[in-house]
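Chains as they are written, first to last, in this note's numbering: chain A, 1 to 462; chain B, 1 to 166.
These are computed hints drawn from the structure, not numbers from a lab. Using N, Cα and C, we set each Cβ at its ideal position, and we do this for glycine too. Each statement offered as a hint is correct.
Now the in silico label distances, taken between C-beta atoms and shown as ranges:
(1) A:Asp177 to B:Gly68: 58 to 64 Å
(2) B:Gly68 to A:Ser336: 17 to 23 Å
(3) A:Pro147 to B:Gly99: 42 to 48 Å
(4) B:Thr6 to A:Arg354: 31 to 37 Å
(5) B:Leu157 to A:Thr40: 54 to 60 Å
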Amino acid sequence: MWALRVVIVCVAAIVLAAGAFFFLAWRSEIPEDAAAAEATFAPELVAKGAQLAALGNCIACHTVPGKPAFSGGLAVPTPFGTIYSTNITPDRETGIGGWSEEAFQRAMNEGVDRAGRHLYPAFPYDHFTRVSAEDNRALYAFLMTRPAVKAEAPQNDLQFPLEYRPLLAAWKLAFFDRGELEPDTSQSEAWTRGRYLVEGLGHCGACHTPRNAFGAEDRDQYFSGGEAEGWQAYAINKDSKAPIPWDEQSLAFYLRNGWHEFHGVSRGPMAEVTGNLSGLPDSDIMAIATYVTSIMGDPTPERGQRAAELRETFEGDYREQAGDSQSSPVSASGGSPGEAIYLAACASCHEGQRRQPFGGLNFNLSTAVNAPNPQNIVNVVLFGLPPADGEASAVMPPFRHLLSDQQVADVLAYMRERFSEEQPWAGLVELVANTRSGAHQVTIRPSDGIERAPHNVGAEEG
Amino acid sequence: MSISLTVNGRPHQVDVDPATPLLYVLRDDLALNGAKYGCGLGQCGSCTVVVDGEAVLSCMVPVMLLEGREITTIEGLGTIEEPGPLQQAFIELQAAQCGYCIPGMMMSAHALLRRNARPSDAEIREALATNLCRCGTHMRILAAIRRAGELMQAASLPKADKGRAG
Numbered sequence: 001m002w003a004l005r006v007v008i009v010c011v012a013a014i015v016l017a018a019g020a021f022f023f024l025a026w027r028s029e030i031p032e033d034a035a036a037a038e039a040t041f042a043p044e045l046v047a048k049g050a051q052l053a054a055l056g057n058c059i060a061c062h063t064v065p066g067k068p069a070f071s072g073g074l075a076v077p078t079p080f081g082t083i084y085s086t087n088i089t090p091d092r093e094t095g096i097g098g099w100s101e102e103a104f105q106r107a108m109n110e111g112v113d114r115a116g117r118h119l120y121p122a123f124p125y126d127h128f129t130r131v132s133a134e135d136n137r138a139l140y141a142f143l144m145t146r147p148a149v150k151a152e153a154p155q156n157d158l159q160f161p162l163e164y165r166p167l168l169a170a171w172k173l174a175f176f177d178r179g180e181l182e183p184d185t186s187q188s189e190a191w192t193r194g195r196y197l198v199e200g201l202g203h204c205g206a207c208h209t210p211r212n213a214f215g216a217e218d219r220d221q222y223f224s225g226g227e228a229e230g231w232q233a234y235a236i237n238k239d240s241k242a243p244i245p246w247d248e249q250s251l252a253f254y255l256r257n258g259w260h261e262f263h264g265v266s267r268g269p270m271a272e273v274t275g276n277l278s279g280l281p282d283s284d285i286m287a288i289a290t291y292v293t294s295i296m297g298d299p300t301p302e303r304g305q306r307a308a309e310l311r312e313t314f315e316g317d318y319r320e321q322a323g324d325s326q327s328s329p330v331s332a333s334g335g336s337p338g339e340a341i342y343l344a345a346c347a348s349c350h351e352g353q354r355r356q357p358f359g360g361l362n363f364n365l366s367t368a369v370n371a372p373n374p375q376n377i378v379n380v381v382l383f384g385l386p387p388a389d390g391e392a393s394a395v396m397p398p399f400r401h402l403l404s405d406q407q408v409a410d411v412l413a414y415m416r417e418r419f420s421e422e423q424p425w426a427g428l429v430e431l432v433a434n435t436r437s438g439a440h441q442v443t444i445r446p447s448d449g450i451e452r453a454p455h456n457v458g459a460e461e462g
Numbered sequence: 001m002s003i004s005l006t007v008n009g010r011p012h013q014v015d016v017d018p019a020t021p022l023l024y025v026l027r028d029d030l031a032l033n034g035a036k037y038g039c040g041l042g043q044c045g046s047c048t049v050v051v052d053g054e055a056v057l058s059c060m061v062p063v064m065l066l067e068g069r070e071i072t073t074i075e076g077l078g079t080i081e082e083p084g085p086l087q088q089a090f091i092e093l094q095a096a097q098c099g100y101c102i103p104g105m106m107m108s109a110h111a112l113l114r115r116n117a118r119p120s121d122a123e124i125r126e127a128l129a130t131n132l133c134r135c136g137t138h139m140r141i142l143a144a145i146r147r148a149g150e151l152m153q154a155a156s157l158p159k160a161d162k163g164r165a166g
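Bound-form chain A, shown alone (with noise of 0.2 Å):
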């Protein structure tokens, strides 16, 4: 009788646990809207939803490169698997063609679609939950004017049970903050600007904060710095190590152009960043350069008397030579095998006096060498930065083809103690072997620079 009633209990729990997640998980349908693909928008709106759709890069991911804008398909690798990006044309079958505005709004509030199926937060709806209704009315505007592609992204590649999409209703529960920020008032408009921008579409923590074990943003590191495609971004908060620490002006400058005299030239994802983002008014960049340095903070004073130093060095009219390989034949004997290679291969460009971007960056002004981890600049070394297609860029050559993977860390170790006070990073050889060998995956874009999306993620134009 007793054990009767503690198996009744221990039903009635389940059920009843099973119920409340039922009623967490569950999401209804939006019914087609069969009407949606034909609706016509004020050119107005369709132009400001462009614009939105370059700040939220959208095109990056729901592309694959060569193939039509926006087709979707692109394997965006996770550490729980591999998530294909899907079709955001108004195609009715494969597309989004049947949504509704309603449907629309809601993927972006709660990372759920028309179906009513929980999408995985490699769609960043942490962040565009932040978005108002009113700039979601005008995305939508723009993609369901952009030329319908049918075109199936392929079946998602996940361990197990994650292919069970109503365990996202957990991870929701567990990570996920909707809705809108509230207004801070003690902050200027342009600061309340810049944080509607990086923290909903702009969704900059992204890659530059760092995940937790269940692929959630570590809000205690807020832009600590992440990892993307392969690629190290950088900490943007006080432990950035820009040798000359960013300000309004630089970040700005930078963000506008793709490249900035003291810090060099954006490269791997966020050079599809920089961009996307010459689609934005100026006053939107201010924005961003005004929150994004108000999260860094002030520099030491250390730190601000180095960057002096620096600023004296490189700052200024010097006259601009172009430099040659043969300009200055460094003798490459007596010095350690890295310090000659640096010497007869680096220098001649990047202690040249060509200016950025076209010039290789002094490696005193390099966020790379004082990076805690190496990657960036052992991507950079092996792959070089592949010119942007039919417009002037910055490019560097490859190396992986001349250099053996000791040579590359010989290179480095050399670099790491020339340039930088930060301890020397370890397991290089072992890193470098991997990169090359693609088990450390890497995505290699062409610089930006100039370029200018959509060619800047290889994209048909639609």
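Given chain A, put chain B in place with the hints provided.
Frame of chain A, contents of chain B only:
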């Protein structure tokens, strides 16, 4: 300091500073003047040669990195009397105007065709992205590289097949 280099299958001993870029050794010490000095910064591609099958910018590569490696320059692709398929195709399609960039173009194309005899136009453009031409003969260069791919394939077909095809 004496450095041993293998260029176009032939061993050479050169007495140079090991930091000297390969281009200078090719032109000044080995009298192989095919590879050209363009920008000296690894940005124009006119100095391109092939090292162990990969296109490499010889103006940037110190010779100290090249001991024991197979270097191929345009002189290794054929002779005036017996031009190789790439050279033949570039002549056939008159792909050169001033010709300064052409050795680099051909060496980049050589590296590409070695691994892919039938490249698409997109693949050719990608492989030659760092080879600049100021005369604007790009369309003929593209055509010549496609043609060279055909010539190479035809040459590698067994005789019997060739007979049937012909």
